[in-house]
Amino acid sequence: MAQLYYEDVNVGDEVTPLNKNASSQQLVKYAGASGDYYQIHYDDGFARNNGLPGIIIHGALKNAFLGQLVTDWMGPEGRLKKLSVSYRQMDLPNDDLVCKGTVTDKRVEDGAGIVECEIALHNGEGKATTPGKAVVALPMRGN
Amino acid sequence: MPDESVITDEMRSHLDVESDPITYDVEKGAVIKFAQAIGDSNPLFQDDEAARKGPYGGIIAPPTFLRSLIAGEAQSEFPRPFPNNLDGGSEYEFFEPVRVGDRITVTKAIVELSERQGRLGTMLFTTAETRYVNQLGQLAATQRTTGISYATPEEEE
Numbered sequence: 001m002a003q004l005y006y007e008d009v010n011v012g013d014e015v016t017p018l019n020k021n022a023s024s025q026q027l028v029k030y031a032g033a034s035g036d037y038y039q040i041h042y043d044d045g046f047a048r049n050n051g052l053p054g055i056i057i058h059g060a061l062k063n064a065f066l067g068q069l070v071t072d073w074m075g076p077e078g079r080l081k082k083l084s085v086s087y088r089q090m091d092l093p094n095d096d097l098v099c100k101g102t103v104t105d106k107r108v109e110d111g112a113g114i115v116e117c118e119i120a121l122h123n124g125e126g127k128a129t130t131p132g133k134a135v136v137a138l139p140m141r142g143n
Numbered sequence: 001m002p003d004e005s006v007i008t009d010e011m012r013s014h015l016d017v018e019s020d021p022i023t024y025d026v027e028k029g030a031v032i033k034f035a036q037a038i039g040d041s042n043p044l045f046q047d048d049e050a051a052r053k054g055p056y057g058g059i060i061a062p063p064t065f066l067r068s069l070i071a072g073e074a075q076s077e078f079p080r081p082f083p084n085n086l087d088g089g090s091e092y093e094f095f096e097p098v099r100v101g102d103r104i105t106v107t108k109a110i111v112e113l114s115e116r117q118g119r120l121g122t123m124l125f126t127t128a129e130t131r132y133v134n135q136l137g138q139l140a141a142t143q144r145t146t147g148i149s150y151a152t153p154e155e156e157e
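In order, the protein sequences belong to chains A and B.
Sequential numbering from 1 applies to the first sequence in this note's numbering.
Sequential numbering from 1 applies to the second sequence in this note's numbering.
Be careful, since some hints might not be right.
Selected chain A positions facing chain B (in silico; Cβ < 7 Å) [unchecked claim]:
no.: 1; residue: ALA33
no.: 2; residue: GLY35
no.: 3; residue: ASN63
no.: 4; residue: LYS82
no.: 5; residue: TYR87
no.: 6; residue: MET90
no.: 7; residue: ASN94
no.: 8; residue: PRO139
Lysine to aspartate or glutamate pairs mimicking EDC-like chemistry, simulated, CA-CA at most 20 Å apart [to be verified]:
no.: 9; chain 1: A; residue 1: LYS82; chain 2: B; residue 2: ASP9
no.: 10; chain 1: A; residue 1: LYS82; chain 2: A; residue 2: GLU125
no.: 11; chain 1: A; residue 1: LYS106; chain 2: B; residue 2: GLU129
FYI, nobody ran anything at the bench for these hints, they're computed from the structure.
Even glycine gets a Cβ: it sits at the ideal position worked out from N, Cα and C.
Construct the complete structure from the given sequences, taking the supplied hints into account.
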């Protein structure tokens, strides 16, 4: 994995996008791994009886995708400090999702290279269903 | 539209009351299974060899792994005023890495109540904070989650 350095990041830079497509199998795996067994994520009849179009992706799984967007981008020496997301719209399995982000601020704080990003998960129609923010500390060259 | 608040004294009595603490061992198998479930192949989260040479000297958990360390039940059930509930969002703050072998103690409390008129009628926003403390007594992370409780079914928008 490539390492990103504070000096190489500028406001307006793009966070390397991350493509995801959650199958129903992935939702079951996530249910098991996370302990979230709410049936709207794997039982189609249950989901429909709850007024949903079918099973939907766990909000927390979308949160995990956005976490990966940031941890992949910042590299192993980066530290994720904050990760926030808003669930604005549900997302469905088998949709081509894209996690994206943009650098909005950078500053040195107590000797650490702090970088802030606006991030969002977009659905197959390009709509940002799950916007959020991330703050990371990046290593500085020469340290 | 009623003028009075849906937030009752009984609801307010839940503020800052922590759930009974639960302590979890961060097991390697569980961390790897979580990384695989979210489709994240980062070696720091699953490859012993590579992680040992990395900045943490071993496997760490992906940031949102903490979600799987579920807090205990609240000491008494929060009286939700409406039948419909939505997950509004999440805000993590990370202070210490979570390593395989850590023991993480989890507590959760409602920290904020607010209400708003919106497209779903009167909505109650319940913000809870979950605290994750490691075996050294360090606050490893916090997560704030916002639940939205509302009266009007969404299809009637």
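Practice problem: Starting from LYS106 of chain A, check that the Cα of GLU129 of chain B is at most 20 Å away, please. | Solution: 28 Å, violated
Taking the closest Cβ pair, is ASN63 of chain A under 7 Å from chain B?
-> 5 Å, holds
- Hint validity - MET90 of chain A Cβ closer than 7 Å to any chain B Cβ: With a closest approach of 10 Å, the MET90 of chain A hint is violated.
Given the proposed pairing of LYS82 of chain A with GLU125 of chain A, does the C-alpha separation stay at or below 20 Å?
Judged against 20 Å, a Cα distance of about 28 Å means the pair is violated.
Decide if the proposed pair is consistent with the structure: LYS82 of chain A and ASP9 of chain B, CA atoms, cutoff 20 Å inclusive. Not satisfied, since the Cα-Cα distance of roughly 33 Å exceeds 20 Å.
> Is the interface hint for ALA33 of chain A satisfied, with its Cβ closer than 7 Å to some Cβ of chain B?
Replying inline: Holds: closest Cβ of chain B sits about 4 Å from ALA33 of chain A, inside 7 Å.
Note to self: Hint validation: ASN94 of chain A versus chain B, beta carbon distance must be below 7 Å. Holds or violated?
What the structure shows: 14 Å, violated
Interface hint status, LYS82 of chain A versus chain B (Cβ within 7 Å) = 5 Å, holds
Interface hint for TYR87 of chain A, Cβ within 7 Å of any Cβ on chain B
5 Å, holds
| When the nearest CB of chain B is found for PRO139 of chain A, is that gap smaller than 7 Å? | With a closest approach of 9 Å, the PRO139 of chain A hint is violated.
Exercise. Would you check whether GLY35 of chain A satisfies its interface hint, that is, whether its CB is within less than 7 Å of any CB in chain B?
Key: At about 5 Å, which falls below the 7 Å cut-off, the nearest Cβ of chain B leaves the hint on GLY35 of chain A intact, so it holds.
In the structure shown, a violation is registered for the earlier hints numbered 6, 7, 8, 9, 10, 11, in ascending order.
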